Amino acid sequence: MPSHEAGWAHADGALKGPAWLREPTDSNALVDHLWSTTARKVDGVLEVGGVRLTDLVAEHGSPAYVLDEADFRARARGFRAAFSSYDVFYAGKAFLATPTARWVEQEGLSLDVCSGGELTVAERAGFPPARIGFHGNNKSEAELRRAVALGVGRIIVDSFDEIDRLVAVTAELGATTRVMVRVTAGVEAHTHEYIATAHEDQKFGFSITSGDAFEAVLRVQDAPGLELLGLHSHIGSQIFDSSGFEVAARRVLALQARISEELGVTLPEMDLGGGFGIAYTTQDDPSDPAQLATEMSKIVEHECRALGIPRPRLSIEPGRAIVGPAMCTVYEVGTVKRVALDGGASRTYVSVDGGMSDNIRTALYDADYSCTLASRRSGAGPVLVRVVGKHCEAGDIVVKDEFLPADVTPGDLVAVPGTGAYCRSMASNYNHLLRPPVVAVRDGLARVVVRRETEDDLLATDVGELA
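The number in the numbering used here is simply the position in the sequence shown, starting from 1, with 160 added.
Among the clues, some could well be false.
Pairwise CB distance ranges (calculated) [to be verified]:
| # | residue 1 | residue 2 | range |
| --- | --- | --- | --- |
| 1 | R537 | S588 | 31 to 37 Å |
| 2 | G371 | L605 | 52 to 58 Å |
| 3 | S588 | G624 | 21 to 27 Å |
Read the hints as simulated data drawn from the structure, not as lab findings.
The model shown is predicted, which means the values in this text are computed figures rather than measured ones.
We treat Cβ as the ideally placed atom computed from N, Cα and C, and that holds for glycine.
Please put together the full structure from these sequences, using the hints given.
Next comes the structure, spelled out in structure tokens:
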């Protein structure tokens, strides 16, 4: 937020919105590339998957996450086709439920999980264990034992302690498990610092620069019960620029060449991670899967030729890029408040019936979102608003700046696109709000894939008054 000695409201642009945000000529129009492919407005009412959101809310209430099944599947197929020579692992941390795990399996993708809970969902969905990768920087012995017993296809080790645990678990079970070593390549990805994961000063992986990565490879190579599959690198999330992947690939492949030369071991695989960005607002310009595949393949082929090593089999882990645009969140407006500020300025606050409990990303990452009036056509011109939640928190903001029709009023529905990734996954019960349902829509039909929480759910873990 711009600052000014007389207060933030006096700063240049403080109440005009960001420079990239343009006032629309039609306050009812959708910005198509922000929405799932089936989203459209019919007489002003937003329709997704052939289902009018007014009808969906009438049946399932608000707020609600609306998941476009056809869009999700199409994006999964798009990555599978573009990266046809790769293994494509859907990153379940973005959003995972048993139906989506089944869609991922049916569309030919593998699945990446990073906790025992995510592994439980995969198991319940009947996902083939050999097509599961297991991530995490602090996997417990119980989680490792379960993963090895299930026969997951690969475990990405993240610390020397974990290597020791895994050796003990495989010995106990008389099993062999395939392992990738997660390395940090020292790349400063152009993203929020909390979702940049390849620079040196953070919790993930083994540093190439310090020599820990080579030492981890030595330990895995010498460990009974562990089969060294390759190296894994992930530079962050919401990445638009392939230059970060280029630097990471160069450093990881240089390590791979050293391993080949000094240990006489040719590692068969390498994982380049995920983090591919999506369009949350008109300022975002993500690459499509075909462009990403072309650029990333050229990078790896060039580096392998320069190093004189064979190209390993590659894998990637898109999550946000598949589920992010496939979901929107619909809210009901509760209050509209126009607040007068110093110097004649004002701000319009549109309060909805959800907030940071169903989308923490604005507060946590300073993320930008868009929105639209979803329940009717308006004849009013646009007004700049801030969409906020109902939590007892000043930072409870859903959409920092967007234009809505000036006659937006209590009872209207407002929908926010691009909420498929990390919104339901990171949802909470702050202020004891109930987490919304996930309603999948397709071909005019709506079905609940994750039900709305109830007050009984809230009280189920409350043991009551102690004697």
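Results of checking the hints against the structure:
1. R537 x S588: 31 to 37 Å: 35 Å Cβ-Cβ, so the 31 to 37 Å window holds.
2. G371 x L605: 52 to 58 Å: With a Cβ separation near 56 Å, G371 and L605 satisfy 52 to 58 Å, so the hint holds.
3. S588 x G624: 21 to 27 Å: 22 Å, holds
In this structure, every one of the numbered hints holds.
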